[in-house]
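Colleague: Turn these sequences into a full structure, and let the hints guide you.
There are 2 protein chains.
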Amino acid sequence: MLNETGAAPTRREVLRAIGMIGGSAVLYQTMEAWGHAKETQFAGPPNLSGARAGASVVVLGAGLSGMLAAHELRKAGYKVEILEYNNRPGGRNWSLYGGDTYTELGGAVQKVGFAPGNYLNPGPWRIPYHHRTLLHYCREFGVALEPFIQLNHQALVHNSQAFGGKPMPYRDLAADFEGNVAELLGKAIDNRGLDSVMTAEDRDMLKEALRGWGLLDKDMRYVKGNASSRRRGFDRPPGGGVDGAPIYSEPLPFKDVMDSRVWGIVAQHMTIDHQTTMFQPVGGMGMIGKAFGKQVEGLVRYGAKVTKVDQSGGAVSVDYIDLASGQTRTTKADYCVCTIPLGILSQIDIDVSGAKKAAIAAVPYSNSVKIGLEMKRRFWEEDEAIYGGISFTDQEIAMISYPSGGMHSRTPGVILGAYTFGEASYKFAGMTPEQRIEQALKMGSVFHPGKYREQFSNGASVAWSRVPFTLGCCAMWNEETRKEHYQELVAVDDRIVLAGEHASYIGCWMEGALLSSLDAVTRLHKRALEA
Amino acid sequence: MLNETGAAPTRREVLRAIGMIGGSAVLYQTMEAWGHAKETQFAGPPNLSGARAGASVVVLGAGLSGMLAAHELRKAGYKVEILEYNNRPGGRNWSLYGGDTYTELGGAVQKVGFAPGNYLNPGPWRIPYHHRTLLHYCREFGVALEPFIQLNHQALVHNSQAFGGKPMPYRDLAADFEGNVAELLGKAIDNRGLDSVMTAEDRDMLKEALRGWGLLDKDMRYVKGNASSRRRGFDRPPGGGVDGAPIYSEPLPFKDVMDSRVWGIVAQHMTIDHQTTMFQPVGGMGMIGKAFGKQVEGLVRYGAKVTKVDQSGGAVSVDYIDLASGQTRTTKADYCVCTIPLGILSQIDIDVSGAKKAAIAAVPYSNSVKIGLEMKRRFWEEDEAIYGGISFTDQEIAMISYPSGGMHSRTPGVILGAYTFGEASYKFAGMTPEQRIEQALKMGSVFHPGKYREQFSNGASVAWSRVPFTLGCCAMWNEETRKEHYQELVAVDDRIVLAGEHASYIGCWMEGALLSSLDAVTRLHKRALEA
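In the order they appear, the protein sequences are chains A and B. Read in order, the letters of the first sequence are residues 1 to 531 in the working numbering. Read in order, the letters of the second sequence are residues 1001 to 1531 in the working numbering.
None of these hints come from the bench; they were simulated from the model. What you are looking at is a predicted structure, and each value in this text was computed from that prediction instead of being measured. Where is the CB? At the ideal position from N, CA and C, for every residue including glycine. Careful: at least some of the hints might be erroneous.
Okay, derived cross-link-like pairs now, EDC-like style, lysine to aspartate or glutamate, Cα gap no bigger than 20 Å in a straight line [said to hold, decoys possible]:
id, chain 1, residue 1, chain 2, residue 2
1, B, Lys1187, A, Glu201
2, B, Lys1483, A, Glu201
3, A, Lys526, B, Asp1243
Counterexamples of contact, computed for chain B against chain A with all Cβ distances above 12 Å [what the hints assert, rightly or not]:
id, residue
4, Gly1106
5, Glu1146
6, Pro1147
7, Val1181
8, Arg1236
9, Phe1254
10, Val1257
11, His1269
12, Gln1275
13, Lys1294
14, Asp1334
15, Gly1343
16, Ile1348
17, Gln1435
Modeller: In structure tokens:
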């Protein structure tokens, strides 16, 4: 699967030709032999053989893309140095633990008070099964993974416009939405709504499918009974002994189910970035940054703020402020991999073409605020049978997420109390850390009244527009900027190449940073061989 | 939630009354206060206070129901003895590990060769979030749990009648089925198929929902494009650098999608017994039996085959064969909790009413065969990005399931190579263990040709009709036998009460055994207080 290299149009043409000759059985057998589709563009670590002895590369940034570039280039024989603004590896791959101190732009200082083992992942927090590059290097670098629970049927959905503002279980809403869709399509078929679309035989087969899929009764109705209760839950679930018999539950009024807009959540759970199986590192996402950091130990100069990148003299020369001493220093190398986020890079004097400078300036960054709320007791597990997953709301916090780590233990747990988007992010970023937590507690209480605030012990927040080393969350490309600037941004400019999630089509994901990095070092190496 | 005791009809009447007076907002607020629905009939460990000093109970069977009964009765002050046929606790809760020897009825002996840490769960293998009794005692007794992956979008679906017999990813099939359902309902609405069912406004809102839920394009079509590829996957997924742009995939022909009957699998994943979040014990399901066994250590007489249960003399007298010596012995107690599976119990001379004897004889047991195949390499993870979950087939093996434990490790893994139902179970039970494995390899190879047989190292199988201590899988009640025999089966008969999954409405699940046990000891205790 990983070795498939054929371009898609050619493959399609071949498939079409086979289909015409041999019928669908032969067609599908050929597809099988080729793999159904590629899950990734990752084809294993890059082959960077033949590096010139003594050739050097300076890597700007010890985030995942920078560290992977450094790792692979050093393996290939290059002399590598990394300059990093922070005093830790990982960049946006980062977890906040008890005892950590974090100072945001504006000066607010937070001293994190979480119990040992607990954490907030301010940035990335989940890994899809098809992020093969990241999974490959996690295994290579010894990062222990555990399942991340995304979809939890028992979690809640809150929409202020539905059910009088009361949250309902995702399970009930999803069951009732899809059950009604099945029943309605059945009715529409009976009302001849598909007569012009499919044959009578196909309509009958579709009705059979709808009955099975939507858990309809024998009369094609989604109604109170064993079938629907087996999905949406029972008023009294089956039990043991004398009172073992279940009592069926009544589906919710379809009008209210529609008002909850649950369909958007169902669709979100089914998208490829949220499908099972997802993972997280045991002990926090920051374990990945730490593991990468270990691989490049000794190569990184921490606390180095890059101010100027020059390549006019047949080499790359980088000026940086050593933040510990306040002194400006210069380092030189033959080549440069620059992974500095664009919002920061656009403020640095970098010696690249006007077109690349325009590309660097063209891409705005999203903002988001994440808030971790440590709860003394895992009431969501103990009292409400919610293990991991997400409860959604149309309030500004957008969601709360229950920890996938330490499930079923008696330890305190950190709930992700907000993951804001759009305007709400700037509103939350404008608050003090204390105000953010207060607001998160207020809004999150809708899910767990009488417990949420009562069990709260301490919290932490990160507003990405105030994060000193990124000034935002991640690059927001659109169709136009892609067309005008993307190839310019990623192209090797003499001795300099850019890498990072901003130089990929998997924006905001670690996988994008890594694939971008591998592509960048492959092209830079090729350029070095040609020199 | 756990404390709700109101019977459902009354509650419904009250809700209806509130709805009439205050409108739906008040209605839903009241529902919230009461909890949406009960997730379980478990209300915590039973209160068995006031036991008469010196009163004794003999428990027949050290499966989960028997051990829980013994644990709670001893806590309450009863003198307890357990008689168990096997030489281990757990009953059907059982894992086979490397080094274990298992002899089935008919005499076939299997010496299990799995690598350390690997196992086959012949019986139960997953725990739903709402099995609160089991989860409670797992925590109480220190059983470490980890997520069990049921639904895996990347796993495969094989139907010999579809796609020329080639397996397709569940992801693609589920996406294409639901996408087409959405598009078809949209078309049917346009064709006035729902004009008689809902208002124009509601139809428009439904179309909006269908577009979002089904990932349709702006013209309400489920076609090749970003929306559908975001769910069904890409021909070339998004990447980094120069070739980062994705290539969209073409949905499969709807006719073939229908032929795959994927809707039944989607529905199965959505039923309450298979919803997220599910668990399994770390190290095999048998860890639960072991943990329960530790709680009743010293109370169990292993290798004891019960032959007669008498209660004619103002006490219960149980004859059993001590299998080690071959001698028949007798033990006496004031009361008896009998958890022997009905297929075995019906062959034992037990002193209960004719009606109860009829009940014991009335319930047939299902059969199933499970086969574990140890693979040298986790090719499904490494090569195919399948982590846990189930691939389904219409062949007799019904499914193969990838281990949820040890994911992402470099250790060998045990695939569940068959979980048969119905007639296929008897066919497999009739084979030698070697023939079963050969058949499982042959059928399972459809999913992973060129790897499945090649990576196979060793295997083990359990055919439940040949399991000496149950002679079958679990009790198969139907509507008629429930009506005629269930209450008779569970009723206390003077000094004897029956417990086990067969005395519950959660047949075949450990939760049913436990809830039945709690109900049985509660009633037996009440009967003892009245004595």
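Colleague: Regarding the assertion that glutamine 1435/B does not contact chain A, is the least Cβ-Cβ distance greater than 12 Å?
Modeller: 27 Å, holds
Colleague: For a C-alpha distance cap of 20 Å, please report whether lysine 1483/B and glutamate 201/A respect it.
Modeller: 39 Å, violated
Colleague: Are all beta-carbon distances from aspartate 1334/B to chain A longer than 12 Å?
Modeller: About 20 Å separates aspartate 1334/B from the closest Cβ of chain A, which puts it past 12 Å; holds.
Colleague: So is arginine 1236/B really clear of chain A, every C-beta pair being over 12 Å apart?
Modeller: Label violated. Min Cβ-Cβ 6 Å, cutoff 12 Å.
Colleague: Over 12 Å to the closest beta carbon of chain A is the bar; see if glutamine 1275/B clears it.
Modeller: At roughly 4 Å from the nearest Cβ of chain A, glutamine 1275/B sits no farther out than 12 Å, so the non-interface label is violated.
Colleague: Compute the least Cβ-Cβ separation between glutamate 1146/B and chain A, then decide whether it is above 12 Å.
Modeller: 7 Å, violated
Colleague: Compare the distance between the alpha carbons of lysine 1187/B and glutamate 201/A with 20 Å, and conclude whether the hinted pair is satisfied.
Modeller: Measuring from Cα to Cα gives roughly 18 Å; hence the hint holds.
Colleague: Would you say isoleucine 1348/B is clear of chain A, with no C-beta pair closer than or equal to 12 Å?
Modeller: The claim holds: isoleucine 1348/B sits with its nearest Cβ about 21 Å from chain A, beyond 12 Å.
Colleague: Is it correct that the beta-carbon of valine 1257/B has no partner in chain A closer than or equal to 12 Å?
Modeller: 9 Å, violated
Colleague: Is histidine 1269/B truly not at the interface, in the sense that its beta carbon sits beyond 12 Å from all beta carbons of chain A?
Modeller: 10 Å, violated
Colleague: Verify that the Cβ of phenylalanine 1254/B lies farther than 12 Å from every Cβ atom of chain A, and report whether the claim holds or is violated.
Modeller: Since the minimum Cβ distance to chain A is about 9 Å, phenylalanine 1254/B lies within 12 Å and the statement is violated.
Colleague: Please settle this one: proline 1147/B was flagged as non-interface, so is its CB more than 12 Å from every CB on chain A?
Modeller: Violated: least Cβ distance 4 Å, not greater than 12 Å.
Checked against the numbered hints given earlier, this structure breaks hints 2, 5, 6, 7, 8, 9, 10, 11, 12; the rest are met.
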